[in-house]
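Participant: Take the sequences, apply the hints, and build the full model.
For the protein sequence lines, the chains are A and B, in the order given.
Note that the first sequence covers residues 157 to 271 in my numbering.
Note that the second sequence covers residues 3 to 113 in my numbering.
If a hint is listed, it holds; no wrong ones were tucked in.
Derived DEER-like restraints, expressed as beta-carbon distance ranges: (1) A/S231 with B/G18: 38 to 44 Å; (2) B/S9 with A/T219: 31 to 37 Å; (3) B/A31 with A/E215: 17 to 23 Å; (4) B/G85 with A/K222: 35 to 41 Å.
In case anyone wonders, no lab produced these hints; they're calculated from the structure.
Built from N, CA and C at the ideal position, the CB exists for glycine as well.
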Amino acid sequence: GALVYQYPRRTICKSGTSMRMECQAVGFQATSVAWYRQSPQKTFELIALSTVNSAIKYEQNFTQEKFPISHPNLSFSSMTVLNAYLEDRGLYLCGARTGPNERLFFGHGTKLSVL
Amino acid sequence: QQQVRQSPQSLTVWEGETAILNCSYENSAFDYFPWYQQFPGEGPALLIAIRSVSDKKEDGRFTIFFNKREKKLSLHITDSQPGDSATYFCAASSSFSKLVFGQGTSLSVVP
Numbered sequence: 157g158a159l160v161y162q163y164p165r166r167t168i169c170k171s172g173t174s175m176r177m178e179c180q181a182v183g184f185q186a187t188s189v190a191w192y193r194q195s196p197q198k199t200f201e202l203i204a205l206s207t208v209n210s211a212i213k214y215e216q217n218f219t220q221e222k223f224p225i226s227h228p229n230l231s232f233s234s235m236t237v238l239n240a241y242l243e244d245r246g247l248y249l250c251g252a253r254t255g256p257n258e259r260l261f262f263g264h265g266t267k268l269s270v271l
Numbered sequence: 003q004q005q006v007r008q009s010p011q012s013l014t015v016w017e018g019e020t021a022i023l024n025c026s027y028e029n030s031a032f033d034y035f036p037w038y039q040q041f042p043g044e045g046p047a048l049l050i051a052i053r054s055v056s057d058k059k060e061d062g063r064f065t066i067f068f069n070k071r072e073k074k075l076s077l078h079i080t081d082s083q084p085g086d087s088a089t090y091f092c093a094a095s096s097s098f099s100k101l102v103f104g105q106g107t108s109l110s111v112v113p
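Facilitator: In structure tokens, the structure reads:
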């Protein structure tokens, strides 16, 4: 079956530092990867949508300068949180799908804590 | 503006009862509606999904009822088990839009 692996599962970084998280799709071709952030209140915010061979589309309030994303092939994507601060805390989720409006499979998420 | 709304915010049922989780949406263009189940500390797992061409989708103890005219859908969990205790998210999308999530319903199943 389709699986999405994310790592690390948890990370703690000092305020102002950066951290990188990775996403691996297994068993299917992830033509589209969506990065979400889930707040402690459980709400989901879409950060950006990355489609292979297309420009990465960032949502309002999220920028490439803050959350650079790489999606080099159909099985891997990574995102970095640059200069992390308290407001960047949350569970970062990678969702991968084979095409638009198809099933979106999530990884376990990377929980980011900022000291 | 919340495009997908869920109710109730939390729900408690006894083991063996049917839990009913409600969802409504605003965008008439939405045509794909997945439900996700999330346990604490984990990412959301796709539970069951329906497309707008259907009015019912069943998978074991989980059934989605869909009313396109009223832009409402519901997830029924029959014979609820303590292991079903989790937060359930209704989501919606179309071919031209991102997947939008509701605020979630926290379900507790009491033995």
